[in-house]
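The chain contents come next:
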Amino acid sequence: GENVEQHPSTLSVQEGDSAVIKCTYSDSASNYFPWYKQELGKGPQLIIDIRSNVGEKKDQRIAVTLNKTAKHFSLHITETQPEDSAVYFCAAKPSYQLTFGKGTKLSVIP
Amino acid sequence: DAMVIQNPRYQVTQFGKPVTLSCSQTLNHNVMYWYQQKSSQAPKLLFHYYDKDFNNEADTPDNFQSRRPNTSFCFLDIRSPGLGDAAMYLCATALGTFSGYTFGSGTRLTVV
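Protein sequences appear in the order of chains A and B.
For what it's worth, our numbering labels the leading residue of the first sequence as 1, then goes sequentially.
For what it's worth, our numbering labels the leading residue of the second sequence as 1, then goes sequentially.
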């Protein structure tokens, strides 16, 4: 089955700096890669996703890059704000289910 | 707004007392999933429905059951909750097996 590794597990950045979270996956059949933001006590919210026929996607301060050959994808958040503080999960989907990474706790220090 | 709604948000149950969590959706998605998420961990898939077809994960305990009476509703039944079943339970929906998920807000289950 699919295996998703996510790094780092915790990340602290100063407000205004950039944050980068990296994930690798194992199943070359995976063709859909979403990123979720989960705030304390809430369900995960989709913030951006990318499909395997695209190398990069951007939405305002958030961007995702995908390298299919190397089987890794990354989340980039620019100009971080305190409200970006949350746990971020990457995921990969080769078939019917998403396989999640273990999450990154991002803390943005004002 | 179309969405996935989970009730209740917080549920306290006694050790061994059956409990049911509910999920409803207005998205008309044909796939519904139940995930268990323990503190500081990634969500773990328990089972999913593709329309009426039920699919159980191999390592989902028999203590967990599910029902999907129609497209809009899905229930998670825990027959005899143990202390180790305390977790956040997340419902998600998808339009087809190759689409992204929409999650509900989750139900936080406490077992006393």
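Please keep in mind that the hints were generated in silico from the structure rather than gathered at the bench.
Treat the hints with care, since some could be wrong.
[Claimed, not checked] Using 30 Å as the maximum straight-line C-alpha spacing, the simulated DSBU-like pairs for lysine-lysine come out as follows:
#1 K44/B / K57/A
#2 K42/A / K38/B
#3 K58/A / K17/B
[Claimed, not checked] Between beta-carbon pairs, the in silico distance windows are:
#4 D17/A / L27/B: 33 to 39 Å
#5 D17/A / S22/B: 23 to 29 Å
#6 S72/B / S107/A: 36 to 42 Å
#7 L95/B / E5/A: 27 to 33 Å
#8 K68/A / R79/B: 41 to 47 Å
#9 T60/B / H72/A: 27 to 33 Å
#10 Q41/B / S26/A: 35 to 41 Å
#11 F98/B / D59/A: 20 to 26 Å
#12 Q60/A / P8/B: 32 to 38 Å
#13 G16/A / P69/B: 47 to 53 Å
#14 F54/B / Q81/A: 39 to 45 Å
#15 I5/B / E79/A: 20 to 26 Å
[Claimed, not checked] With the C-beta cut set under 7 Å, the calculated list includes, among others, these residues of chain B facing chain A:
#16 L45
#17 G82
#18 A86
#19 L90
#20 G100
#21 F103
#22 G104
#23 G106
#24 T110
Using N, Cα and C, we set each Cβ at its ideal position, and we do this for glycine too.
Holds or violated: is there a CB of chain A closer than 7 Å to the CB of G104/B?
holds (5 Å)
Would you say the C-beta atoms of F54/B and Q81/A sit inside 39 to 45 Å of each other?
Holds, since F54/B and Q81/A (Cβ atoms, about 43 Å apart) stay within the stated range.
Chain A contact restraint for L90/B - C-beta distance below 7 Å
Interface hint status for L90/B: holds (5 Å vs cutoff 7 Å).
35 to 41 Å was suggested as the range; check whether the CB atoms of Q41/B and S26/A agree with it.
violated (19 Å)
If I claimed the Cβ atoms of F98/B and D59/A lie 20 to 26 Å apart, would that claim hold in this structure?
holds (21 Å)
Residue hint F103/B, partner chain A, criterion CB-CB below 7 Å
The hint holds - F103/B has a Cβ within 7 Å of chain A, the shortest such distance being about 4 Å.
Hey, K58/A versus K17/B, does the alpha-carbon distance stay inside 30 Å?
Answer violated: K58/A to K17/B is near 48 Å, above 30 Å.
Is the shortest C-beta separation between G106/B and chain A less than 7 Å?
Holds. Min distance 4 Å.
Minimum beta-carbon distance criterion (7 Å), G100/B to chain A
Where the cut-off is 7 Å and the nearest Cβ of chain A is about 5 Å from G100/B, the hint holds.
Is the gap between the beta carbons of S72/B and S107/A within 36 to 42 Å?
holds (38 Å)
Evaluation of the interface hint that places T110/B against chain A, nearest CB under 7 Å
With a closest approach of 13 Å, the T110/B hint is violated.
Holds or violated: the 27 to 33 Å window for the beta-carbon distance between T60/B and H72/A?
holds (30 Å)
In summary, the numbered hints that this structure violates are 3, 5, 10, 15, 17, 18, 24.
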